[in-house]
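Student: Each chain, written out:
Protein chains: 2
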Amino acid sequence: MTAFNAVTPHIIDQLTRIVGADNISTASAERELRAVDESHHAPHAPDVIVWARTAEHVSATLKLANDARIPVTAWGVGTGLEGNAIAQFGGIMLSLEKMTRITEVHADDFQVTVEPGIGHKDLNAELARYGLFFAPDPGANATIGGMLANNAAGIRTVKYGASKDNVLKMQVALADGRLINVGSRSIKQSSGYDLLHLIVGSEGTLGIITSATLKLVPVPMYQSAVVAAFPSVEAAIETVVAVRGSGLEPAALEFIDAEHCALLQAAENVGLTPHPTLFMEFHSASDAGLQEGLVIVREICEEMGASSIHATTDNTERQKLWRARHHSLEILKRAYPQKKFCVMDVSVPISQYPALIDYVEQIKAENDVFLTLIGHAGDGNVHVEFGYETPEQFELALACDRLIVQRAIALGGTATGEHGVGLGKAEFMPLEHGEALDVMRAIKRTLDPNGILNPGKIFP
Amino acid sequence: MTAFNAVTPHIIDQLTRIVGADNISTASAERELRAVDESHHAPHAPDVIVWARTAEHVSATLKLANDARIPVTAWGVGTGLEGNAIAQFGGIMLSLEKMTRITEVHADDFQVTVEPGIGHKDLNAELARYGLFFAPDPGANATIGGMLANNAAGIRTVKYGASKDNVLKMQVALADGRLINVGSRSIKQSSGYDLLHLIVGSEGTLGIITSATLKLVPVPMYQSAVVAAFPSVEAAIETVVAVRGSGLEPAALEFIDAEHCALLQAAENVGLTPHPTLFMEFHSASDAGLQEGLVIVREICEEMGASSIHATTDNTERQKLWRARHHSLEILKRAYPQKKFCVMDVSVPISQYPALIDYVEQIKAENDVFLTLIGHAGDGNVHVEFGYETPEQFELALACDRLIVQRAIALGGTATGEHGVGLGKAEFMPLEHGEALDVMRAIKRTLDPNGILNPGKIFP
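Note that the protein sequences, when read in sequence, are chains E and A. First residue of the first sequence: 1, per my numbering; consecutive thereafter. First residue of the second sequence: 461, per my numbering; consecutive thereafter.
Heads up, a few of these hints could be off.
[As the list claims (entries may be wrong)] With a cut-off of at most 20 Å between alpha-carbon atoms, the simulated PhoX-like pairs for lysine-lysine come out as follows:
#1 LYS444(E) to LYS63(E)
#2 LYS824(A) to LYS215(E)
#3 LYS619(A) to LYS159(E)
#4 LYS444(E) to LYS904(A)
#5 LYS675(A) to LYS159(E)
#6 LYS824(A) to LYS800(A)
In short, the hints are calculated from the structure, not lab data.
Generate the whole structure from the sequences, applying the supplied hints.
Tutor: Structure, rendered in structure tokens:
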């Protein structure tokens, strides 16, 4: 790791000349506000916040920081869950909060070009008038730049893919201030190295995204929800496989464990029972297709021994059912107001889902640890939610999570399905990637030889 | 460019020790057979063919070649269309023809792990028993390794994506012989840099794929075909936009120009008329969904002024209709037996499709050049098929194509949608990528410092 230099008054002067006095702050309140994301990681405040308003601001700030060997960490809105945007080495926090414009809507191309600071919910509110939406939905109103930097995913990935599958072109500022374009507005691209996907998910360690052209999809004409409870995790996962195998292309396929279902039921009274439960959503261009799909899903659930099946095409009822799922973390927090929670993230091939969940249950039984389970089962993604009150309980949760991550990797999965590596998963990178990690390091050195971009992330 | 060394008898000895005498040849017949792909580019024979049978063969061959500064070009089956696998600097041709095994079928995960030399049609024949298939289909029986190396796509991309969207994990031999694993069998991945997609589409210039785990999709239960003719290209493309906007998710959405339709009709007598025509295919999990979808498609086509609409859910009829599309190049060749043809490839945002086709028509009108048009309209992908008899006509075709590529890039598109850069598109890389090409070069130097991997490709 290169030794970094301090942010001197001279640097502050130069930064002020780049972005203007209104767009820079060393105030403690501003720095503390951006010292930590929504994760369990320890806060670390940057020395200065710089709000870029243009790509040129980003470029000039990076050039200055690179020449002066000062770390730069990009900031969107701080909804990350793995410390991805914590300024671990201080320096400059380059905030994209003020770059929130929709630059161009290409409705006939099912595309939109945006600045990185726009929230995906705000974007979708604007896109509604075109009958289009950006499908990845990590829950919180994360910024597009943050979602791309971390390859965020969420509940609709099973049909529409993760952030990486929904971006076509980006403008990126490199460590030395060069602005490059990667990708193309053409849907099909086989033109040279895929720098687009190299930058997506690189967590601001290879460059900072200053503009993105996103793929959009039509707002579905018809939607249904199905909630089904099963006698065992295995039966639930066999249902996941059968539903995917049916060709129905679920738009969401969520798993919630028995304990969590009991909590949701107590809070929302939506007919849930304390069993392993699947929440499913289906989108269709025709009502007939939707109805026929529900018949097929119901048959599959019955065949797999579902103890209850609740299916609806009514929008109000669907939204009520899904509200329980969408607010599950808040409901958990309200049920245990004395506890803090951290939401962990691993992902495995679907066939290994029961084995992973068995292992989590075993960990829970063997340790005095509070945890519940929720997951995007259609993708093999599991979130373990640990609750803790004391530092000892927190350490125990981390130790348990370490075992779960190692097991996920041993089952052919990954240390992180959608939260990114950030601070918390860096230690697992050698185990997961082996010698490929050396290749990642070599690419990092090539694109950021002074190591100024988001240091302390991804690499152990 | 590094100066390369010759393949000496000593090198041949060492290669023989690696792969065995049965798996190496310097015979002229073998070398000539692999001197050119299906493109219009000039052949160039390698000095020696080495047939790898294991990843370790690939690894050891690369280590030897890297130490000795000898170029290595990978070979699958030679169906490339841009000279991607021509051994432009001679040296070693590393053939994967004998690595054709299906290593593991993960049916519940909708995945299969294969060696790189297997043809995608052969793979799909084996997968039929599981009710699954690998969706990308470039037409010819290209190998999986070749498809991934070139990010091949084809007619089903509009629904299922290109090769890059259908691969989860690969083993790759780097220039220095290191074998690394990239990606994960977990569908969701946000774990470090996306080396998987960096290697896909890099045309064997960054590494050689020795194994790949592919995403599979269920064989659709119900399929339909719709063929509709339109008074203008604009009306046809408005239909493309409306069909995509309907949420019906066509599995194929192909464009054929009036002249080509006349030829297909003469050869196959499937009710085609000499108008801009769309071929569409739809997949559904239910018959009701399929039928209702056809009603919607028919309405859209009528609204856009279609002069004829032919829709069918009958499998025999569907296959007969599509046969005309699938065999279009052969039909073209049969109609003009005295001509040679080269199939060119550009892609633009769909909204720019009519502008591009107008431009091609203008080029055709202004020059005494023979060309017809066919394309994957759902992706904005256009193939111009030039016919020529004399060297002068061939040069004219290349000059016209150069103009078309430049116009495609100016329209926000790409020099190559699915054929890759190879030899023919390298000259356009600076125009398309600007400074991003320098980043590609820097990555190439980092991963292949001696430039032994498929030299002469991608970079001008």
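Student: Now tell me, hint by hint, if it's right for this structure.
Tutor: Results for each hint:
For the suggested pair LYS444(E) and LYS63(E), the alpha carbons sit about 17 Å apart, so the restraint of at most 20 Å is met. A C-alpha spacing of about 33 Å is found between LYS824(A) and LYS215(E), which places the hinted pair above 20 Å, so the restraint is violated. Distance restraint check for LYS619(A) and LYS159(E): the Cα-Cα separation of roughly 11 Å lies within the 20 Å cut-off, and the hinted pair is therefore satisfied. Distance check on the hinted pair: LYS444(E) and LYS904(A) sit about 13 Å apart at the alpha-carbon level, within 20 Å; holds.
In summary, the hint linking LYS675(A) to LYS159(E) is supported, as the alpha carbons are separated by about 13 Å, within the 20 Å threshold. Only pairs whose Cα atoms come within 20 Å are accepted, and LYS824(A) paired with LYS800(A) is accepted, the gap being roughly 17 Å.
When held up to the earlier numbered hints, the structure conflicts with hint 2 and nothing else.
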